[in-house]
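Q: Each chain, letter by letter, is given below.
4 protein chains.
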Amino acid sequence: MMPTGESETGRLEAFSDGVLAVIITIMALELKAPVEGTFRSLRDRLPSLLIYILSFTLIGIYWNNHHHLLRAARRMTAGVMWANLHLLFWLSLIPVLTEWVGEHYTKDAPAATYGFVLLCAALAFIILTRAIIRADGSSSLVAEAIGRDVKGRVSLAIYVAATVLAFVSPWISYALFVTVAVIWFVPDRRFASR
Amino acid sequence: MMPTGESETGRLEAFSDGVLAVIITIMALELKAPVEGTFRSLRDRLPSLLIYILSFTLIGIYWNNHHHLLRAARRMTAGVMWANLHLLFWLSLIPVLTEWVGEHYTKDAPAATYGFVLLCAALAFIILTRAIIRADGSSSLVAEAIGRDVKGRVSLAIYVAATVLAFVSPWISYALFVTVAVIWFVPDRRFASR
Amino acid sequence: MMPTGESETGRLEAFSDGVLAVIITIMALELKAPVEGTFRSLRDRLPSLLIYILSFTLIGIYWNNHHHLLRAARRMTAGVMWANLHLLFWLSLIPVLTEWVGEHYTKDAPAATYGFVLLCAALAFIILTRAIIRADGSSSLVAEAIGRDVKGRVSLAIYVAATVLAFVSPWISYALFVTVAVIWFVPDRRFASR
Amino acid sequence: MMPTGESETGRLEAFSDGVLAVIITIMALELKAPVEGTFRSLRDRLPSLLIYILSFTLIGIYWNNHHHLLRAARRMTAGVMWANLHLLFWLSLIPVLTEWVGEHYTKDAPAATYGFVLLCAALAFIILTRAIIRADGSSSLVAEAIGRDVKGRVSLAIYVAATVLAFVSPWISYALFVTVAVIWFVPDRRFASR
Chain A
1038 MMPTGESETG RLEAFSDGVL AVIITIMALE LKAPVEGTFR SLRDRLPSLL
1088 IYILSFTLIG IYWNNHHHLL RAARRMTAGV MWANLHLLFW LSLIPVLTEW
1138 VGEHYTKDAP AATYGFVLLC AALAFIILTR AIIRADGSSS LVAEAIGRDV
1188 KGRVSLAIYV AATVLAFVSP WISYALFVTV AVIWFVPDRR FASR
Chain B
1038 MMPTGESETG RLEAFSDGVL AVIITIMALE LKAPVEGTFR SLRDRLPSLL
1088 IYILSFTLIG IYWNNHHHLL RAARRMTAGV MWANLHLLFW LSLIPVLTEW
1138 VGEHYTKDAP AATYGFVLLC AALAFIILTR AIIRADGSSS LVAEAIGRDV
1188 KGRVSLAIYV AATVLAFVSP WISYALFVTV AVIWFVPDRR FASR
Chain C
1038 MMPTGESETG RLEAFSDGVL AVIITIMALE LKAPVEGTFR SLRDRLPSLL
1088 IYILSFTLIG IYWNNHHHLL RAARRMTAGV MWANLHLLFW LSLIPVLTEW
1138 VGEHYTKDAP AATYGFVLLC AALAFIILTR AIIRADGSSS LVAEAIGRDV
1188 KGRVSLAIYV AATVLAFVSP WISYALFVTV AVIWFVPDRR FASR
Chain D
1038 MMPTGESETG RLEAFSDGVL AVIITIMALE LKAPVEGTFR SLRDRLPSLL
1088 IYILSFTLIG IYWNNHHHLL RAARRMTAGV MWANLHLLFW LSLIPVLTEW
1138 VGEHYTKDAP AATYGFVLLC AALAFIILTR AIIRADGSSS LVAEAIGRDV
1188 KGRVSLAIYV AATVLAFVSP WISYALFVTV AVIWFVPDRR FASR
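Chains as they are written, first to last, in our numbering: chain A, 1038 to 1231; chain B, 1038 to 1231; chain C, 1038 to 1231; chain D, 1038 to 1231.
Excised from the complex, chain A in its bound form (with noise of 0.2 Å):
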């Protein structure tokens, strides 16, 4: 009955990944079909799917950053798991914001929520990251992995920009959605050498 590390974080992936799968597809749910069956009518959701393209990229940048973190994880404690929950609340969020950006894209309280939400992922898991660093002490393997965490620092103030440059235009912020996803999307070096 004593479970090894693997077995330890292994419901925890599993929860994850189910959870994230569902996020992942559910987006393209919302993606309503086009009304005629014409390609005119295709393009009035060009907006949506951008967006959708867009979220699927931070969600899959996402589970690729999760999954290199749990790997390096050794032990679950009940703080990993709310720390774990917590993320999971941020980005279970994203879909509906998907969905409301597509539809008021030169809005921008749209755009700036989508921000905001995005900047509470990304302090979710730096508090994921730091409740698997107590659980498992001082030699664990993600805190020698993760060092200064520059590319975490960054994103979080290009999503503090885009959220309140949002207000001066919607575009500014997407654009800096772009960047983000651009800078993320090898995953962390950090861990990927293991």
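Be careful, since some hints might not be right.
The list makes no distinction among identical chains, and a pair is therefore deemed to hold if it is satisfied within one copy or across any two copies.
Below 16 Å or equal to it, Euclidean Cα-Cα: the simulated EDC-like pairs (lysine to aspartate or glutamate) are [said to hold, decoys possible]:
#1 Lys1144 to Glu1073
#2 Lys1188 to Asp1145
#3 Lys1069 to Asp1081
#4 Lys1069 to Asp1173
#5 Lys1144 to Asp1173
#6 Lys1144 to Asp1186
#7 Lys1188 to Glu1073
#8 Lys1069 to Glu1140
#9 Lys1069 to Asp1145
#10 Lys1188 to Glu1067
#11 Lys1188 to Asp1081
#12 Lys1069 to Asp1186
Don't read these hints as lab results, they were simulated from the structure.
With chain A held as given, fit chains B, C and D onto it using these hints.
A: Only chains B, C and D this time, still in chain A's reference frame:
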């Protein structure tokens, strides 16, 4: 073909995780996107968002406790499987009730029904615990660990109160639901040390 | 790279569990929230809720039997995989039929169609059983365990009757569906002792 | 912490299975319940049901081939993970297109778009295969097994034809989609013997 305890409970965990992951994510889908692209329109969704946070937390608590319970379990029987499905049945009603409460949060009927379903889910969890103890026999780790189960009994009493007092004011019920969430927030010390 | 029987059936189980978990949860999503915040409005949802309980139970029975069947299986072939997808196909139609029956429970067509799809699912389960026996060879644990499969044959007969008798009265069909649920409620003794 | 090939691909499989399970089930959800409780009303859903069967079969084929591909894979890299997400992205568009084609099956635009997305998914599968071969090195089991990949090339050609010929008649496209389904129905002999 003689499965070990771990592989025996493995698929039950996997299925339960799948159902819980979908439940938690589907609630987010029922958060409808605000009608207009404005913060005023977002604010109209605030009650729905708050009840979503409550339901997300309660499902998260069930996931945590379920996880700890099944890690202490050693044998699967038909009784355990049906007791588990029975628990999932009541939890599966939470998304639609979350939607109902979010839309009519000043009314008594949704709050009372939500309380009643939480009461049934809590009873179903106790039935599942008993079924696992019966399957494992008197030396069950679960039996030793559960002991007098104070938290479980207190939760039942609070859910009964929340269901009845909804007819005085639904706000009393909401306060009681939050109280239960706070009580269970830290997963059960009884299992966590294992 | 030589997979054992367990890892060979592992991903088939995982995928099936995923599909069944989504099916069972999506039905709950199709339970629409009552229109008003009153018990009268909740009562209007009662037929939908009852047919949901029936469908939930039937899917639960399939999950249980599928679980026992695959634990006795040793080899995966293309035939087994397609037989499994064929079963999932029929089961995937149950949510939309549950919604249809719930909305028109006094009509013959929904009840008869529901019975017909259950009949096809039962046939698909028998085909899957045969495919696994063929893959495992004559010494198959499944073959020994199945024996004459009385329950399976009786269920088929009842589904045929329920489909036909829906045209006399859908209530006869509902009574027959409940009968099948009761028959299968205890998972198959043939596998359970294993 | 040195993961074996199997555990390395394990979570990728689990996540992909989750996404594919949700995709396949969500399509069933988009099958709307007939409006009336009559067979005439059910018959109006027939085109939607037929295209659902086609999409279910095509996703099933991807699941089968993906399963065989990943069982032959030994190493995960960032490239493999992104190639896998890229495949899932195209497949995630199939439910909404299935709904669109089902509602406008006599029009050219939905049929052509469906063909185009299937073409992109087929290309994404080839890219994933290449990424796995690159990760595994020249002695890759996948490389040996794939050989000249006749089926893959033929499918690509058929999808191109189906996309273009939709503008002559969507029925030609539907016939071609069914042709591809038949070609792939038996999973790849190249992997199956393994």
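Q: Next step is simple, just say for each hint if it's right about the structure.
A: The hints, checked one at a time:
1. Lys1144 to Glu1073: Between copies only: 9 Å across, 26 Å inside.
2. Lys1188 to Asp1145: The answer is neither: 26 Å in one copy and 46 Å across copies each exceed 16 Å.
3. Lys1069 to Asp1081: For Lys1069 and Asp1081, the Cα distance is within 16 Å only inside one copy (11 Å; across copies 20 Å).
4. Lys1069 to Asp1173: The answer is neither: 45 Å in one copy and 40 Å across copies each exceed 16 Å.
5. Lys1144 to Asp1173: Cα proximity of Lys1144 and Asp1173: none, with 45 Å in one copy and 47 Å across.
6. Lys1144 to Asp1186: neither (33 Å within a copy, 49 Å between copies)
7. Lys1188 to Glu1073: So Lys1188 and Glu1073 fail the 16 Å test inside a copy (44 Å) and across (34 Å) alike.
8. Lys1069 to Glu1140: both (11 Å within a copy, 12 Å between copies)
9. Lys1069 to Asp1145: neither (23 Å within a copy, 19 Å between copies)
10. Lys1188 to Glu1067: neither (31 Å within a copy, 33 Å between copies)
11. Lys1188 to Asp1081: Neither, since 35 Å and 36 Å both go past 16 Å.
12. Lys1069 to Asp1186: neither (39 Å within a copy, 36 Å between copies)
The structure fails hints 2, 4, 5, 6, 7, 9, 10, 11 and 12 (numbered hints given earlier, in ascending order).
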